[in-house]
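Chemist: With the sequences and hints as input, model every part of the structure.
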Amino acid sequence: MRSAVFHCRALCGAALLAAAACTPGPDTLPNPDPVPDTFVLYERMSLLWDGAGNARFRGFDGALPPGTSLVVYDDDTQQQLHEVTPEADGRFDVMLGGSLNQVYLVVPKRGTQTGISTRFRARKPVDVLRQSVQPRRAGTGSTPNQVVTALDASTTGSTRAYVVLSGDNLVDNVDWDSGDRTGPVVALPETASALGPVPATPWAMVARGNRGFVSLYSQGRLAALDLDEGTVLGTTDAVSPVALPQATTVSPPADWDGDGQPEDTATAVLPRNPGGLAVMGDWAYVAFANVLSTVSSGTARYAPGMVVAFRLASDGRPTGETRATFTRWPNPQHVVPHPDGAHVLVSCTGELQRNGEVWTTGPSGVDVLDADTLASTAGFALPEFAPSRPLVLPDGHSVYVPSVLRARLARLDLATGAVVAGPGGAADAVHVEDTDQLSTVFECALHPTGLVFCGVFDTDSLVVVDPQGDAVRPFPFVAPINLSELSGNIRLGVQSLSIRPGRNGVDRTGADILILLSLASRVAAVDTRFILGP
Amino acid sequence: MTCVSSLARLLAVLLLMETVARAQAAGDGAAPPPVDFNYEMPVEVAAPAETVVVEGEAIDVARPGTHSVSLHARQGNLQDQLDALPGVRMVRTGGDGSAFNLSIRGLQGRRVATYLGPIRLDDPVTGVLDLGEVPAAALENAELTPGATAASEGALGGMLRLKPGVPLAPVLTGSFTYGSEKLFGVDVAAGRPVTLGKLVAGALVLARGITTNGKFDYEPVVGPLDAPIVLPARARVNNDRHRAGLTLLAAGEWIGGPSGEAVLDVSLLKGGIAGFGTQQLPTPRETQVRTAAGFQLRTPAWHGLEPRVETAVRHASWKFEDPRPGATVKGALESVSHNGRATLVWAVFPMLAADASASWVLDAAWSHGDSGAYRTARPSAGVDAGLRFAPLSSRVVVEARVRGQGWLVQQGAVPVPVYPRGVFLPELRASVRPFRSLVLHAQLTRAWRNPSLEELYRPVNVPMAGNPGLRAEDGWEAGGGAALALPFAEVGLSAYGARMAHMIAYTAVNAFDVRPQNVSGVWRAGGELWLRAQLGRWGEVAAGTDVNGSRVDATGAALPAVPLLEAHASARLGPPRARLVLEWSGRSGASGNLYGELPIRPATRFNGGVEIGLFPGVEVRAMVRNLFNDRTQTDLWGVPQPGREGFVNVGVTPGDALGGRG
Chain R
0 MRSAVFHCRA
10 LCGAALLAAA
20 ACTPGPDTLP
30 NPDPVPDTFV
40 LYERMSLLWD
50 GAGNARFRGF
60 DGALPPGTSL
70 VVYDDDTQQQ
80 LHEVTPEADG
90 RFDVMLGGSL
100 NQVYLVVPKR
110 GTQTGISTRF
120 RARKPVDVLR
130 QSVQPRRAGT
140 GSTPNQVVTA
150 LDASTTGSTR
160 AYVVLSGDNL
170 VDNVDWDSGD
180 RTGPVVALPE
190 TASALGPVPA
200 TPWAMVARGN
210 RGFVSLYSQG
220 RLAALDLDEG
230 TVLGTTDAVS
240 PVALPQATTV
250 SPPADWDGDG
260 QPEDTATAVL
270 PRNPGGLAVM
280 GDWAYVAFAN
290 VLSTVSSGTA
300 RYAPGMVVAF
310 RLASDGRPTG
320 ETRATFTRWP
330 NPQHVVPHPD
340 GAHVLVSCTG
350 ELQRNGEVWT
360 TGPSGVDVLD
370 ADTLASTAGF
380 ALPEFAPSRP
390 LVLPDGHSVY
400 VPSVLRARLA
410 RLDLATGAVV
420 AGPGGAADAV
430 HVEDTDQLST
440 VFECALHPTG
450 LVFCGVFDTD
460 SLVVVDPQGD
470 AVRPFPFVAP
480 INLSELSGNI
490 RLGVQSLSIR
500 PGRNGVDRTG
510 ADILILLSLA
520 SRVAAVDTRF
530 ILGP
Chain P
0 MTCVSSLARL
10 LAVLLLMETV
20 ARAQAAGDGA
30 APPPVDFNYE
40 MPVEVAAPAE
50 TVVVEGEAID
60 VARPGTHSVS
70 LHARQGNLQD
80 QLDALPGVRM
90 VRTGGDGSAF
100 NLSIRGLQGR
110 RVATYLGPIR
120 LDDPVTGVLD
130 LGEVPAAALE
140 NAELTPGATA
150 ASEGALGGML
160 RLKPGVPLAP
170 VLTGSFTYGS
180 EKLFGVDVAA
190 GRPVTLGKLV
200 AGALVLARGI
210 TTNGKFDYEP
220 VVGPLDAPIV
230 LPARARVNND
240 RHRAGLTLLA
250 AGEWIGGPSG
260 EAVLDVSLLK
270 GGIAGFGTQQ
280 LPTPRETQVR
290 TAAGFQLRTP
300 AWHGLEPRVE
310 TAVRHASWKF
320 EDPRPGATVK
330 GALESVSHNG
340 RATLVWAVFP
350 MLAADASASW
360 VLDAAWSHGD
370 SGAYRTARPS
380 AGVDAGLRFA
390 PLSSRVVVEA
400 RVRGQGWLVQ
410 QGAVPVPVYP
420 RGVFLPELRA
430 SVRPFRSLVL
440 HAQLTRAWRN
450 PSLEELYRPV
460 NVPMAGNPGL
470 RAEDGWEAGG
480 GAALALPFAE
490 VGLSAYGARM
500 AHMIAYTAVN
510 AFDVRPQNVS
520 GVWRAGGELW
530 LRAQLGRWGE
540 VAAGTDVNGS
550 RVDATGAALP
560 AVPLLEAHAS
570 ARLGPPRARL
580 VLEWSGRSGA
590 SGNLYGELPI
600 RPATRFNGGV
610 EIGLFPGVEV
620 RAMVRNLFND
630 RTQTDLWGVP
640 QPGREGFVNV
650 GVTPGDALGG
660 RG
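Just so you know, the sequences run in chain order R and P.
Be aware that the first sequence starts at 0, since it is given in numbering that gives the first Met the number 0, and climbs by one per residue.
Be aware that the second sequence starts at 0, since it is given in numbering that gives the first Met the number 0, and climbs by one per residue.
Calculated directly from the structure, the hints in this document are not laboratory data.
In this text, a Cβ means the ideal position worked out from N, Cα and C, and glycines have one as well.
Treat the hints with care, as some may be off.
To be verified - Short derived list, chain R residues pointing at chain P, Cβ under 10 angstroms:
1. T27
2. F91
3. L95
4. V102
5. L104
6. G138
7. V162
8. G166
9. G361
10. P362
11. S486
12. S517
13. L518
Unchecked claim - Residues from chain P that keep clear of chain R, each with C-beta distances beyond 10 angstroms, as calculated:
14. Y177
15. I228
16. R233
17. E333
18. A341
19. L351
20. A541
21. A570
22. G591
23. L597
Modeler: Structure, rendered in structure tokens:
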């Protein structure tokens with residue numbers, strides 16, 4: 000698995016198949032030297048040709064600290080071309096002119112201090128966007144659902160990413176550097192039921208140090224893992240039915256409380272189908288979608304969604320202490336920590352239904368829960384938007400929320416409690432793709448440059464959005480990063496992505512974005528060093 | 000090829016003996032045997048061409064590339080015997096008694112055509128056929144044509160014809176099987192010939208039942224293709240099968256007049272459908288009832304003209320439900336398929352013959368419940384014309400056929416012409432016999448598979464809905480081979496190269512929906528090599544290997560669940576009444592999806608057992624499968640297989656001492 004040499008199929012004896020499929024190795028970097036470690040962050044700069052034939056030199060968030068500048072020279076003539084000074088956030092954007100293949104010498108300055116200079120060779124965006132992709136970094140097992148990296152990987156020095164395999168009931172791992180498995184695999188056991196064994200169906204995961212926390216969709220539980228040992232430290236007991244604030248009429252009758260009998264008046268709901276989770280302090284917050292029946296068995300039906308908080312011991316094991324609350328909207332799918340550390344954000348996708356060829360949802364939104372009391376303190380209604388996993392932006396109060404039905408992003412402001420862009424907001428949602436057709440963005444991830452990478456399931460691509468001005472495909476990411484090398488109407492299915500902490504090209508080299516392709520059972524990689532940096 | 004009654008075959012053998020005797024007396028070639036139309040479908044004549052027989056298995060020199068195997072209880076169960084044929088693989092859901100599907104040269108489902116007499120068995124709606132439902136004890140012969148053929152719709156991978164046997168003498172047989180996974184099986188057959196004036200007839204009735212809980216421990220192999228992981232043992236559940244069936248066979252001949260035969264088969268199935276999947280959630284469960292009836296009628300030749308008629312009706316009812324309290328999953332699917340064919344054969348000269356036939360098919364289905372409600376029907380009609388030229392005393396046989404087929408695609412009452420309404424399917428086959436024991440053959444064939452009704456019309460409000468915009472799969476195949484038949488052995492090899500356009504596969508169209516789509520063209524190539532040898536009275540040995548390579552254009556990967564290499568060997572050693580049976584099979588690994596990912600591990604297994612004839616009319620067969628108890632084995636598609644398992648079969652044939660069934 001995951002060797003640098005991709006899968007080559009020798010079809011011995013098959014004369015007509017002489018042209019076996021050999022995926023080429025990744026392109027080599029135009030400048031493979033390490034990025035100089037100096038007081039400017041070269042890895043957040045790009046120098047590429049724009050469509051008008053100019054060399055455009057951009058720096059993103061924090062590229063140039065305040066009080067610093069860059070002096071750009073023509074490397075051949077040593078003639079100074081430009082002195083670049085940053086904006087408050089460390090960004091800059093200048094046109095340098097020049098000719099194709101020109102090399103620019105860039106010298107950083109801070110007061111009278113000169114930093115380590117480096118050379119940038121101007122490149123074409125289309126070329127580097129293509130070269131940055133490694134279509135198969137590793138294979139996965141069956142029905143992969145998420146790829147995650149430990150929250151503290153940069154401080155612990157961990158080089159692993161983890162892949163949650165819902166079909167195989169495993170948590171596997173892939174090394175960022177080698178693409179190989181470097182740690183033990185965690186197998187999640189079945190449980191017994193009156194009708195036979197129930198698989199774990201791991202759904203979502205948070206990794207912290209050598210501890211992992213995984214929601215087990217089919218068993219309605221949370222498991223704590225020792226990722227170094229490959230063992231299950233403990234699992235929560237099945238949660239007891241949670242009393243509704245008031246009795247609710249159920250029509251037609253359905254089994255809300257899990258006693259095996261449909262009821263026409265429900266007083267409690269058995270938590271079912273745990274999905275997204277967040278870990279803050281000693282608590283793990285898990286969203287329970289409470290799906291009663293899926294579209295596969297007719298019209299999908301949902302009981303009210305809820306979030307259950309599980310207390311964790313110091314070693315990560317669940318203590319058995321729980322709290323639970325119902326969410327404002329049905330079908331909660333993701334939980335992420337609020338930047339204030341005292342709340343969690345819960346995205347509720349709403350009751351997804353199929354109406355003929357069209358998928359729709361009803362009321363949906365993002366709920367804000369107090370981490371201690373689980374009381375809902377705010378909510379962002381996003382009617383018919385079907386929000387997926389929220390992403391807190393670098394300013395600490397803005398949040399992007401992608402939609403699973405349209406390739407759109409809603410923008411929320413936690414400080415004002417307003418929907419900035421999206422349903423009910425002052426502006427239209429950010430269009431990741433220019434289509435009104437069904438198109439799904441499950442996840443977006445924040446890059447150290449401050450740019451947001453969104454995976455589009457239906458086009459097998461990453462689209463970059465700059466939160467500054469909500470610019471879609473900002474230079475130099477002028478086109479979607481196409482992850483597919485397939486032809487025809489076969490999709491790979493961009494499900495999840497993870498960005499490696501640390502400084503790319505400085506702390507380490509190689510891919511810094513892993514993309515989980517769920518249909519292909521494969522992990523792809525993108526090395527942004529092809530686009531960013533010298 | 001249509002089914003030939005045993006009576007007619009007996010007459011044919013007598014005729015052949017006489018013909019051969021005359022030919023031998025006059026020198027080879029002096030008295031050419033009659034032209035044989037047995038080659039492929041639609042027609043047959045009474046006198047088969049020269050056949051080289053190796054104790055029940057035969058290669059017909061006039062039908063090279065077609066494998067024939069005699070079936071009877073003493074030689075083991077149906078799936079094992081079919082599995083041993085070149086190019087064939089049985090895709091199993093578990094051990095003995097579980098469901099199994101036929102795969103020929105890596106293709107399965109509706110891409111292979113399976114017939115019981117005149118009845119096409121594979122479901123026109125779903126394409127699925129569990130061969131475990133077939134009345135194996137009523138079969139006398141199975142004939143396999145590997146590779147694409149225009150002779151049957153959809154037969155891109157090949158065609159299997161199961162021929163029921165009708166008694167030539169009073170017969171009463173029974174067998175009982177007991178084995179692992181709580182396998183119990185019993186079948187009883189009785190029949191006798193009848194003579195009423197000029198009418199000679201025979202009838203057989205067979206009742207059968209088999210049950211297994213399908214439960215075994217296995218060690219799942221999961222994870223990525225290039226770094227699979229073996230997990231601790233777990234139980235395979237929801238895989239139980241409970242079957243019962245009743246079969247009536249009848250054949251008759253008006254001496255000097257018409258002859259015919261009829262089949263009626265009813266089978267019932269209940270079971271869990273862990274089935275061919277790797278998941279084993281305790282839902283849902285299924286109930287199937289299948290009824291099939293068909294008959295063939297033929298008249299003697301009149302001035303070289305010989306008309307034949309065959310027709311069959313098949314009805315299948317499939318229901319499933321989720322047994323969990325409060326669950327609402329329920330559904331039902333009914334299908335009716337009627338096919339018929341009228342053929343006229345004209346033996347123009349001894350070396351030239353022609354045939355023409357008209358055929359018709361009506362497939363209809365209606366579904367309700369959670370599987371999606373719809374009603375649809377698809378009538379189609381076709382004409383075939385064939386010319387067979389056999390100069391040089393059958394040393395060279397050239398046969399050219401062309402089949403034209405047209406159909407009406409219909410949803411409800413509204414015709415929807417969503418794909419071409421007609422196609423011409425040429426087929427050219429030639430064989431040369433440079434020496435008496437050597438046959439070389441080659442063929443070029445086009446085959447065609449219309450999308451199944453479910454692939455087209457399953458409603459959009461259910462998962463894996465149909466796609467009315469599907470195009471048919473269109474395949475071309477070229478191949479050839481050689482067979483050498485010696486008095487004590489037979490060696491053969493064959494090779495093929497094929498191209499399939501518009502392959503249909505269920506793939507995701509978005510994040511929520513999976514539908515059948517024409518995903519790609521596919522290249523396929525491979526071949527088979529086999530050897531069968533007799534050791535006199537002391538047994539027989541057989542070995543073979545298959546190579547099946549493929550490349551899906553869209554992904555560059557091989558077809559999923561198709562191993563590049565498979566091999567098998569078997570030996571039956573000892574005197575006729577006490578034989579040691581040794582079997583080995585192995586295959587290379589494969590990938591589990593269209594992208595070339597997911598592991599299907601290489602596997603090899605040994606089976607061993609004994610066949611003992613205690614005394615005339617009583618035979619005992621005891622086998623242990625997977626002798627080394629490898630519980631990591633999976634079948635194609637990663638379906639778990641059991642570790643070591645055993646079974647004992649006791650067959651009683653009181654009539655054997657008196658002659659038994661012919």
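Chemist: Any of the earlier hints contradicted here, and which numbers?
Modeler: 1, 2, 3, 4, 5, 9, 10, 15, 16, 22, 23
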